[in-house]
Amino acid sequence: MTLRAEYAFDLPVAPKEAFAWLSDPARDPEWQSACVDTRLLNGAARPGCRYEITFQLIGKKMTFTVEITEFEPGRRSRFHVVDGPFGYTGTYDYTERADGTTGVHWTFDVEPGDFFGIMPKSLLKKVLVSQVKKDSGKLAERLAQPAHHRS
Amino acid sequence: MTDRTPTTIDSPAAPLPFVNAQQVGLWFIHETDPQCSAYHIVFGAEVTADPELGVRVREILDDLMSEHDALRVCFRPGEDGPTQWVPESVPLDIRHTDARGLDPQALRDRVRTDTRIPFDLSRPPLWRVHLYRTAERTWVFAVVMHHVAADFWSLALLLSEVRSRLEGVPNRFTLDGTAFAAYAEQQQRFLATDKARALVDGEATRLADAPPGLDLYGDLPRPPAPTYDGGSVPFALSAAATEAVRDLAREASATPYMVLLSAYFVLLSRLSGQSDVLVGTPTSGRLQRQFRDALGNFVNTVVVRGEVDENATYREVLASTRARTLEAMRAQELPFPWLVRELAPPRDPSRTPLYQAGFAWDRLPFLTDMDAFFLLDPGPGARLDVAGATLRPYPLPQQEGQTDLWIEMGGERDGAFAGVLRYNTDIFEPGTARELAATFVTTVQTLVQHPDEPLHRLARGDERQVAQLAAQGSGPVRELPPDRLPELFREQAGRTPEATALVADGEEWSYRRLLAETERVAAALRTAGIARGDRVAVMAERGAPLVAALLGVLEADAAYVPLDPKLPVERLAYMAEDSRARLLLGERSLEENRPAGLPVLNLDDLETGVIGTVAREPGAGEGAEPAAPTPSDLAYILYTSGSTGRPKGVAIPHRALVNLLLSMRENTGFSASDSLLAVTTVSFDIAGLELFMPLVAGGRVIVCDSETAADGARLAARIEDSGATWMQATPTSWRMLRDAGWDGCPRLNVLCGGEELPLDLAEFLTGRVAALHNVYGPTETTIWSTEGRVDPARGIDIGRPLANTQLYVLDPQGRSVEPGFPGELWIGGEGLAIGYWDRPELTAERFVTGLPAAPRQRLYRTGDRARWTSDGRLLHHGRLDNQVKLRGYRIELAEVEAVLQAVDGVSAAVVVVRDDRLVGYVVPEPGAELRTAEIKSAAAVSLPQYMVPGIVVLLDELPLTANKKIDRNRLPAPAVTSDATFEKPRDATEITLARMWTEILGIPEVGVHDNFFDVGGHSLLAVRLSAAVREEWGVEIPISELLRQGTIAELATLVRRGGQETSRTPVVTLREGEPDSRPLFLFHPFGGTVFCYVELTRHLPAGRAVLAVEAPGIENVGEAEVSVEGMATRYIEYLREIQPTGPYALGGWCFGGVIAYEVAGQLRAAGEEIELLAAIDSRAPIEENIPETADDATILSWFARDLAVPYGKTLDIPAEDLRALGGDAAFDHILQRAAALGVLAEDADRAQILRYFEAYLANGIALQTYLPEPNDLDLLLLRAVDEQVDYGPKLGWEALIKGSLQVVDVSGDHNSVMYPPHAAVAAQAIAPHMGAHTDDAQG
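Keeping their order, the protein sequence lines are chains A and B.
Going by UniProt numbering, the first sequence opens with residue 1, and the numbers climb by one from there.
Going by UniProt numbering, the second sequence opens with residue 1, and the numbers climb by one from there.
If you are wondering where the hints come from, they were derived from the structure by calculation, not from laboratory data.
Taking lysine-lysine and the PhoX-like style, the derived pairs with C-alpha atoms no more than 25 Å apart in a straight line are:
id : chain 1 : residue 1 : chain 2 : residue 2
1  : A       : Lys134    : B       : Lys1298
2  : A       : Lys60     : A       : Lys125
3  : A       : Lys125    : A       : Lys138
4  : A       : Lys61     : A       : Lys134
5  : A       : Lys16     : A       : Lys138
6  : B       : Lys1298   : A       : Lys138
My request is simple: use the sequences and hints to build the entire structure.
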């Protein structure tokens, strides 16, 4: 059963900068609290790029091999699992706001199977959304600060 | 056809200030059952008059209505019960019916129906007139008044007044239509006086330790709540008895009322088996002259506590009744409903409180010329002329069903006392009620004729009853042949030598062959030295040789002792030794199990002769010629279980066996064309019928091997294949067949006996087999004593006595009891055993000659309770020793079992008492998925609450004895602890209800299984509770439901069922506060529920409300929050609804403290002030405190652990175990473990627990993903000093709290800190920060 989680948020930067943060898997550990590590397997992010990513979530550690299928800087990126404990497909859609900042729409289609045990799917969905909400909120705070305070 | 006067009612401005307590009681009954007509006072008459008279009557009634407030009252619900209103004008309620087309019976039915149309007590008038025109100048009229507004006296006053006005003569009274209000006021004042208090104290003493109920034996199981449906039976004493009553009253300085009440006590004592009997008796309540002529309801009931000792004389009983009546009358000013409230007797919603039988003495000092009009059976010829009209009585039954039984007397007919017996049709059938009325008359007549003889010496029953009992208790008289079984068999073999006698193991034996084998065995026995009177143990596998062996022993003039090879060898050895068997007739294959020390003759090797030496019977004359055998000789000794734990041998003579065989042959019509499939072990006496009855009828015995007999599917196949036309088995065996999918056999005739035949099994068998016969009988009266075809539609009886058999139902004094009365069943006749083998004392105790009912007859005492019905059927009411008393209530376990067995999906049920609780063991039908809660609920539909098993245990099968009877001694101990462990409220609904109870009842705490009425609740408080529930949840719970479902747990279920579908604010009021005080908000811990704060709240200082926020996911699926921040944002919305602005007092235990921290932070960010932030052993939400592997299995393990915490128990299930099980299996595992530990009900609602777990999981996730920033807050941290896990001296909060961090050490560990006794310490630590000290601290 596929479960869809989605969330929309704003980042106080231009779409290309937002894209550079969110759609580059190499930077995932910097802003996703559940992401423990990423490793690019065949070069920089682009369509066809494969990477290994490890999450620690709800007491479980999980590693996936993911391939980027769409990569349009400032507009959209899309990726899906090619190997891992369960499958997912993620999408970021970027929209430029009138003030030059960025609206982001995150979509995540997951097929968790029995990986999360007794946890109800509805709860898993909430956890995923909650994580993105927290992480994106913190990232937005960070990006709102002067550049030299961000790292 | 009917014309009802339209009503328009003026509303008065204000209610009257008082309602008298009797009215309150009646109003309450009406509230619980608005359709109840049991309190309608009815007067009926037929009148022949000119129509103009009717116009005049109407004018008079109109005048009376406007003159007298009492005729215009109505009652409306108020805050604490009813309020009484008197509208300025109320139109008459006169209902006209043209009944000229109705036949008399139809009219009577119509009138009866109309007089029972319920009143709406809020709509006056509370009286009406039904008028039926039956001819041009003839009407039947019925006046109906609700007792809440009027009593019988008022009705008579009104009739008298109407009559006076019609006749134009002044009435001897001046009606008073307003005094009722003064009476209520006076009563209110009186009840506040010391005199009233002293009277209550006196009543408490007088009624102390009274039995909780009068357990009258009735025809029907008592329903959980009375229906107030009833019937009436008129009766009359003879003129002589009436005179004797008066004489006795005079001699004893008593009244006829007391004499008759004494007889009633005797009747009730015999009907209930109780010596301590409470009877309600109405008093007029018009003690003061000013109320003598007042309209209204003044009647009050007093309870007379009678004592009946059958050794006393009637004169002594009367003296006691007189004293006890006077004593009861001293408190007659105390209104009964008020007294019940004050005394708070144990509450049983299935009965009226304190008394279940009533006795009324209604005798008017006026309208004496209308006496006959008040009788139910006035006799012919009564008439009265009034103002040119002719009145004739038109008696109408009324006020039926108020109690189980009610006798009303006082009236006379032809100089003799006449009366009516009213009965509740929930309990009694009309025939029984007629017998009870007849018995009352006989009892009175017998007692007054012999006032100085001890009661136990006086005969019971009238001539008709005695003759009836003798006739129905006696089986047909049949002359028995002089032959014994061997001769009968030989004769049959002579008639049909080639017919098949036996079929076993695929082999058929003809009669000739069986006779030859029998003679061969007999010859071998004689050769071995066996002679007349010797006992021979027979131990053989089921098969043809076994039958030959038994017959051979009898043929050799000896008696057999059957030994089932499947029994334990010790038991076999005991039987052989106790019977002093001289020889064992065995088989070589059974050598291993043989009792040692006996010489053996092997059936399969008779030629070899005896192995061992047959000892001579001590005292036997050597060489003496034995006397010829007689029918009185011993035929067999059958061992049954004994109360000492050692089996006792029952010695059966040939004559008894022959009587049984011939009688059953006659009753069943068993013929040469019939065959019987024999399935019963030879050690159970009923096997004798299976093996021998066909052989004296020329039919066939088909011997079924024991493995097939014990296997439902195989046995079903055997029934089909064998072509058998008869089979006999216990209900347990028939049930086994049913459960194996057997769907009956149209050619098969069924004998069912050995245990009580459950109705559901009878219903199953009937229609699926040719005929169903119920058979009953103890071993001591030779296999069966009664037999009868079963018609389930009529219920189950045990049939009629067999030939030459007499049945007696006797009281403890050995007198026959009247039809309808319970007694012990005794059996006499040809079936009786010689006695118990070698047990002369036991024989003398159980086989008795010289009882009053049959002075010259030897009778066997069965130990079974029985009752003759009014139509001559004998009902079996279980073993006398199968009756238990729990909390004062007598309970027939068989009755409870019958109800459980009737539940859908239940195959069998047994009920026992364990640790003062009823435990039901239930075997589901194959494929049925039963939940114990559903079984209990289903049982509660037809059983009073005290009879519903507290624990129901599901079993795959019931343990059985070797005889295929249920073995109660081997039922497992219930694996689940009693529900009583669940005393604390478990969710928001229960917590709220518990708070309401404590507030309404004024008690400190209450358990969820306490009954409202057991902990001080009464009718008016129930009204308040109902109102509080309505206010809180908008759920209407009728008071009748409160009576039936009187625990918090039950009410919570009702509330949830009736509650709104939409989610509600999950803020639970643990305690109300003073107005304008700021509440303390507590937040839920991991578990999501807030019942952990109940104990803490009890010890927090009074004045401030304590409100707790539970996790929204607890009550509503899908509402769980997974982030602390999200929770805080949401909870602040709830807080602001209650307290819009700060300062706020916040706190929580465990995770609740973390939530409080986030809530405080968000409120502070919004500019609010935080008055108090308290965390009770909460670990700071910092990375160091997050466990590394808190996956779903880990959280489930914590969840299991926390389930046990409130009960002070430990439930540690390693997460790795749960992980290995995975998903639902892991969850089910913890449910099972928790139930086994007694921290979850065995039938806990899985969906609800799963919801709890989801909330728990969400909280766990929220905590793991919550890593907040430090905040400028002050924190009061309570640290549980006994906690083993070390999180540092400040539990990590120093990393987050930038303000003041005050740490207070409190007793307990992390889990126990919120429960007794530590919660009080925690409260004491918080108290100074709430601006007060705890109650405890104040000492």
